[in-house]
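What follows is the residue order along each chain.
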Amino acid sequence: MILITDKDLLKLLHKKPEKGLGKLLDLYMGLVYSIVWDKLATLFSREDIEECVSDIFYEFYLNLDSLDLRKGTIKAFLATMAKRRAIDYFRKARLGVGKTVSLEGLENIIPTGTVEESVLQGELGNALVAGIKYLGEPDSEIFIRKYYLGQSTKTIAQALDIKENTIDKKVSRGLGKLKQILGGAT
Amino acid sequence: MEDKIRAALDNLSIEGTDKLLSDQLELEVDQAISARIKESVYRKAEVKKPYNTAFRRLAICAGIAVILFGSLSMIGFHRVAAAINNLFSFIPGYGIVENNDRIHYIAADLTARENAEIAFTLLNAIAGENDLTVMFEIQKKNPVQDKQDLADYQRPQVYLYAGDSLCEFDSGLTAGSESLDNCTYTFKVSPENINPEVIYTLDYPQQGLSLEFYLKEYESFRELAQIGATDIHNHISLTAVPEYSGDDLSVELYPINKSAYSIYALSGESGTNYQGQDLHLQTSSGIKPYLKPASYSGPNTSFKFKLAPDDQDLILKIPYILVQSSEEQVFKVPIPEEGEIKDTDIALEFKDCIMRVKRVERANQVFGELGALKLSLEYEPKTANMVMLYASFMRVDIFNRIQGGGWSAELDQNGVYSNIYFALEKGDSGTLRLKAINPVYYLLTEYTLALD
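Chains as they are written, first to last, in the numbering used here: chain A, 1311 to 1496; chain B, -15 to 436.
I should point out that these hints are in silico values taken from the structure, not numbers from a laboratory. Any given hint might turn out to be false.
[What the hints assert, rightly or not] Below, simulated BS3-like cross-link-like pairs (lysine-lysine); rule was C-alpha separation at most 30 Å, straight line:
| # | chain 1 | residue 1 | chain 2 | residue 2 |
| --- | --- | --- | --- | --- |
| 1 | A | K1402 | B | K(-12) |
| 2 | B | K301 | B | K288 |
| 3 | A | K1317 | B | K124 |
| 4 | B | K(-12) | A | K1443 |
| 5 | A | K1329 | B | K3 |
| 6 | A | K1489 | B | K32 |
| 7 | B | K358 | B | K301 |
| 8 | A | K1479 | A | K1402 |
| 9 | B | K288 | A | K1489 |
| 10 | B | K28 | A | K1381 |
| 11 | A | K1443 | B | K301 |
| 12 | A | K1329 | B | K32 |
| 13 | B | K28 | A | K1325 |
| 14 | A | K1473 | B | K125 |
| 15 | B | K32 | A | K1333 |
| 16 | A | K1329 | B | K124 |
| 17 | A | K1479 | B | K366 |
| 18 | A | K1333 | B | K242 |
| 19 | B | K410 | B | K342 |
| 20 | B | K326 | B | K272 |
| 21 | B | K316 | B | K301 |
| 22 | B | K(-12) | A | K1381 |
| 23 | A | K1385 | B | K3 |
| 24 | A | K1317 | A | K1402 |
| 25 | A | K1487 | A | K1402 |
| 26 | B | K242 | B | K288 |
| 27 | B | K326 | A | K1385 |
[What the hints assert, rightly or not] Only part of the chain B face toward chain A is listed, based on derived beta-carbon distances under 10 Å:
| # | residue |
| --- | --- |
| 28 | D(-6) |
| 29 | I17 |
| 30 | I21 |
| 31 | K22 |
| 32 | E23 |
| 33 | K28 |
| 34 | A29 |
| 35 | K32 |
| 36 | I271 |
| 37 | K288 |
| 38 | E322 |
| 39 | E353 |
| 40 | L354 |
The beta carbon of each residue, even a glycine, is placed where N, CA and C say it ideally should be.
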């Protein structure tokens, strides 16, 4: 796949949306789909999951003008939108509420709650990310796949070509390390 | 703790997500799902999908078949395509026909595109009532030299669109070398999409190349006489194009196969001539056999003859061709004791013939000290003009998985396999489970081609 910078991709999306959309989907479909599927697979049909993924990309496209690359990459925006949308769908389904969710602009994808809660959440999240990265490869990727994308040990094993019991061992050791790194935070 | 990790990661900020996903993650989506989602996004965004870009719906219909490599069906590929190009100027490969409604159109224009890696060329296209066969070649500019890389080489994933509609892949043949892939792919196309108004796109997304073409009717072209003598039987046409060089005659045969079989050979292979007959040239000075080629891959389509200086009235006679059917039958045979003969009468019922395993005995002089199982065969033809030559035999396990196995054969006076010797292995006792596959037949209808 030919790599493209976020800046060029945005330009393409504005000037030649037919090409830009294609590139965007090629680059990030896997990530968005994985995130959505993890959250919704237990409660939603394949069609609903695909509809959710499609909505996320459409929503992103609609809000291109408000995208500020200084705040993050396109990948991060899409992943965060996917998490928000999927979690919203899931909560509403659990509550028996209808599945339609109002569109939210890209500028609104910030955790809600009190300022204090947000700060604490942000600190924990940042610390956790740093801790996961500190584990080194392939352990970092294993943790991302398991806890961010919700993939099973089997799926991770196939993706990384590592034995399943090795994956389990690395997770177990990784959790131990994270506990040490993060102290009482988790 | 794990729940807390999940919750924390679910609520990451943009900045946190960026850091977490800073490295590349390989995450694949099923191509059919991807195609549906893409279609949906484009529809919602009211953006038209492009044709000649790398973006494509990658919905692959369930009917995609395995690409068949080399061997039996790629016959003189380039020359077939070129001949069809000429023959389609009249009626492709059918010559003088009684029923010419099988082929409706041919490619109106033969296009080519290239990038830094390949040259992608449409050689021809044939449209039937509800299918379109495209012949194309892929010339690799940087051919793979390493044998190990060749083993991993993926055959071309090429898709056909009729207008906006992705056409279902039906079957494909590929013959290739390090630098060239010659492909014939057939796609199912709905009848309303077979007409000269539709723009067809042959898309090779892996290379970001596509070839667009229209169809045209074929009646407006040259006459058959400019192409070569053609004869057609059993939905297989053969057209002969001679080339003379002094006393040397080279005849190129172009088969067009619309039958249910694949063409195995156009002449008797060494030792398998039906009743001693084979392709030959009838001349004013007598019958001339063809000069056996040193080697060839797949069925031989090129036949050379040595002429006498005043030879004339040349007629190429092809008493039969060999065709192969894609079928298999699993059966068990008892393994007799040494010196024992067991009557079995096992019937293997193929579409065109019943092969009977009449007797089984041990043959200890064959295949080394473990010996072989000798299977005596008889045949009951079911289809007129078709005589079974042989079927391949393989050892299978209880799940019918092929386990290999060596075998040899004896032919009877008709050039048909009468006895099969199947190598025994250590531990073989009781019964042996075998599979007979892909029977080959003599198709006994003579082709007569009067050469210019």
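Would the hint on E322 (chain B) be counted as holding, given a Cβ-Cβ threshold of 10 Å to chain A? Where the cut-off is 10 Å and the nearest Cβ of chain A is about 49 Å from E322 (chain B), the hint is violated.
CA of K1473 (chain A) to CA of K125 (chain B), is that 30 Å or under? 39 Å, violated
Tell me if K32 (chain B) is really an interface residue toward chain A, meaning its C-beta lies closer than 10 Å to one of theirs. With a closest approach of 6 Å, the K32 (chain B) hint holds.
Agreement of K1489 (chain A) and K32 (chain B) with the hint, judged by alpha carbon distance not exceeding 30 Å: 51 Å, violated
Residue hint I21 (chain B), partner chain A, criterion CB-CB below 10 Å: 5 Å, holds
Given the hint that K316 (chain B) pairs with K301 (chain B), does the C-alpha gap stay at or below 30 Å? Distance ~42 Å between K316 (chain B) and K301 (chain B) Cα, so the pair is violated.
Hey, K326 (chain B) versus K1385 (chain A), does the alpha-carbon distance stay inside 30 Å? 72 Å, violated
Satisfaction of hint between K124 (chain B) and K1317 (chain A), Cα-Cα up to 30 Å: This hinted pair is violated, its Cα atoms lying about 34 Å apart.
Is the interface hint for A29 (chain B) satisfied, with its Cβ closer than 10 Å to some Cβ of chain A? Hint holds; A29 (chain B) Cβ to chain A Cβ min 5 Å, cut 10 Å.
Taking only the CA atoms, is the gap from K1385 (chain A) to K3 (chain B) under or equal to 30 Å? 11 Å, holds
Between K32 (chain B) and K1333 (chain A), does the CA-CA distance stay at or below 30 Å? 14 Å, holds
Interface hint for I271 (chain B), Cβ within 10 Å of any Cβ on chain A: Because about 62 Å separates I271 (chain B) from the closest Cβ in chain A, which is outside the 10 Å limit, the hint is violated.
Comparing the model with each numbered hint stated earlier shows that hints 3, 6, 7, 8, 9, 11, 14, 17, 18, 20, 21, 24, 25, 27, 36, 37, 38, 39 and 40 do not hold.
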